[in-house]
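Trainee: Line order of the protein sequences matches chains E and V. Whatever position you read off the first sequence (first residue = 1), add 117 for the working numbering. Whatever position you read off the second sequence (first residue = 1), add 117 for the working numbering.
Errors might be hidden in some of the hints.
Chain copies aren't distinguished; within one or between two, either way the pair holds.
[As the list claims (entries may be wrong)] The list that follows gives simulated cross-link-like pairs (lysine-lysine, BS3-like), each with its CA atoms no further than 30 Å apart: (1) Lys133 to Lys482; (2) Lys241 to Lys276; (3) Lys232 to Lys482; (4) Lys271 to Lys466; (5) Lys128 to Lys246; (6) Lys174 to Lys450; (7) Lys447 to Lys174; (8) Lys461 to Lys128.
Think of the hints as simulated: they come from the structure by calculation, not from any bench.
Okay, here's what each chain looks like letter by letter:
Protein chains: 2
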Amino acid sequence: MENFEFFSPTKVIFGKDTVSRIGDEVRCHGYRRVLMIAGGGSIKGNGVYDATVQSLKTAGVEMVEFWGVRPNPVLSTVYAAIQMARETQVDAILAVGGGSVVDSAKAVAGGFYLKDIWEAFENKVLIEKALPLFVILTLSATGSEMNAFAVVTKTEENKKWAVGSPALFPVVSVIDPSVQVRLPWHQTVNGGVDALSHIMEFYFLGSVEETTIAIDECLLRTIIRTLDRLQADPGDYDSRANLAWAATLALNGISGAALQGGDWATHMIEHGLSALHPEVAHATGLGILFPAWIQHVQDCNLRQFQRWAERVWETASVEEGLIRLRDTLKRWKAPISLREVGVKREEIKTIADNVMLRAPLGRLKNLDQQDVEAILELAW
Amino acid sequence: MENFEFFSPTKVIFGKDTVSRIGDEVRCHGYRRVLMIAGGGSIKGNGVYDATVQSLKTAGVEMVEFWGVRPNPVLSTVYAAIQMARETQVDAILAVGGGSVVDSAKAVAGGFYLKDIWEAFENKVLIEKALPLFVILTLSATGSEMNAFAVVTKTEENKKWAVGSPALFPVVSVIDPSVQVRLPWHQTVNGGVDALSHIMEFYFLGSVEETTIAIDECLLRTIIRTLDRLQADPGDYDSRANLAWAATLALNGISGAALQGGDWATHMIEHGLSALHPEVAHATGLGILFPAWIQHVQDCNLRQFQRWAERVWETASVEEGLIRLRDTLKRWKAPISLREVGVKREEIKTIADNVMLRAPLGRLKNLDQQDVEAILELAW
């Protein structure tokens, strides 16, 4: 078993009707004026916005509103929100939305104290300080609500890059699964597939790490089962809640303990892809790319891939496991090839070039340009 | 799925040769002078003391030493250590040892700012502030290294009681499983049984809480398997490490998410027992009492007890599951009855009286004096 560190200081408040807790939490931590960061307005449809406003008001916390974070969030939005945070002199950030909103809010919180937050994405400066971040999560997927990472795209350079710092852990994250009950099916699937892929980024580095590996298998099976149930009955609260908690655990350190920090090549290939094709949702890209990556690298740790086939897909062969994974994605109405989402075969080299900007990538197998092209070919 | 909160801010540094990290951790958090709290000297035999002294010295952290914490730690020791902490004007506490040392250190850290720490155990005052606590764990069992609870005995009143406060979370806990390789077998077993019992305090409250329940089953099976392996080969590092991490996860909030805070009746009965019989190790008492509690309360949530029998013991019947649990304990050379550890049958009422001082107890079934006596009879 490899050495590791586990640090996950975010307080999670989980369950029905918990949004109303946010005001007291912000207030008890000593803050009086928050910049709310949100997306396109879905939180006005599901009651979350009203509950947030009411809760802050009751607690005597002022709120300034920043709207307009998009899926695959972009740097220009982050800059605009940082400017608003400075002008309005808030003392905390409140993200209300899904992973894109939370990631943008982290970049705002860290960028508040920097000349240019993008320099942190480029590893030129460290984020040593950030505005305290509070989160109300409306879509379980990225795990961003309980970790210290953020992914943002700099559109003009086609760079979708990640940044991390202990200063970026949310102070408190409120997760009310009942607000996710009316999500469109494809968003539910994307959330689940994103969570599955986070676990798999760690899992395949395993060998004897029994505790973590066993937990990861639990989480993979739980996510698959709850998605199946939600496809049959989108209003099934218990499945929503189990999916939501499993998605949080998929990337708060538990799923990766002793697994060398994870592989992350598939995520980096996806970032290279969706930087050029922002219309492809992050999880859609992952669902397409992960089976291809498995095909390409399975011989590097064959026993673990076989274990995955056995424990998750109940078959002895990795090939059959891959078929079942792709069949499951199809059953969930998720695309399983790049051509289905409009990527042209002749773009593969351009995408691979973009991916290699962030090289080295991959821990199980260190991927070069040829590897990345081969994976994209398999995914095409 | 029930609502819950998850908060576990302790940073864990886990793995081989990690004790040498403690000096930098204390220093980086801004402290210069620690009170080391330890037990009877076993840390001088396994190299942990020397590594600690060296690490603190290198980091420029001064150390004052307090020795003498016993298993089933007592209040008088805590008072003495608080006095030393005050006289020597330390700015942090460093626990080096197992659960008894960590629990005592928590009481010292909290008691430093109180007139009488026992008043917190009696729920007369709250612990709102504590000296920062650092931990080097030498025996995985209680999970105290990553939670905010402590259990201490006030000998003169036969009270073995618990206290909790968010101020008591260790700042950093170092867990090096390799220092546990030379533990006597009965201590390894006690550690594992303690961890099993922590999970079971939560598990039997489950119904549909799939994510947590599935993780709990993983942890139960992992602990049983790793103990079996360590019985065959005490030097097996991977099994030590997996057992250690599972024991930490057994009581850091993960195993209890959405399980209503747990039942804890069995622990309270054990506290009543070992307050009167301090020679009975905490985990020995739990191993004896848990099967009896299961026998007595199984009808309150029969489906979950059956699930436990199936998933953990591979049998459809709770009765057969209980037989396998007791057989496993016997195989591990752990006592399975009160009479084996020298408790007389006529003491049952006295023990039950002592337990009821801390009533109400039990969430799955609220136990009265008759219930407690019946459980003790079954355990006898």
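Trainee: Would you mind marking each hint as holding or not holding in the structure?
Mentor: Right, here's what the structure says about each hint:
1. For the homomeric pair Lys133 and Lys482, the shortest alpha-carbon distance between copies (25 Å) is at most 30 Å, but the shortest distance inside one copy (43 Å) is not.
2. In the homo-oligomer, the alpha carbons of Lys241 and Lys276 lie at most 30 Å apart inside one protomer (15 Å), although the nearest pairing across protomers, at 58 Å, exceeds that limit.
3. Taking CA atoms no more than 30 Å apart as the test, Lys232 paired with Lys482 passes in neither setting, with 36 Å inside one copy and 59 Å between copies.
4. In this assembly of identical chains, the alpha carbons of Lys271 and Lys466 lie at most 30 Å apart only when taken from the same copy (20 Å versus 72 Å across copies).
5. Taking CA atoms no more than 30 Å apart as the test, Lys128 paired with Lys246 passes in both settings, with 19 Å inside one copy and 18 Å between copies.
6. In the homo-oligomer, the alpha carbons of Lys174 and Lys450 never lie at most 30 Å apart, since the shortest distance is 42 Å inside one protomer and 61 Å across protomers.
7. Proximity of Lys447 and Lys174 under a CA criterion of 30 Å is satisfied in neither setting, with 45 Å inside one chain copy and 60 Å between copies.
8. Within a single copy, Lys461 and Lys128 get their C-alpha atoms no closer than 44 Å, and across copies no closer than 46 Å, so neither meets the 30 Å cut-off.
When each numbered hint is compared with the structure, violations occur for hints 3, 6, 7, 8.
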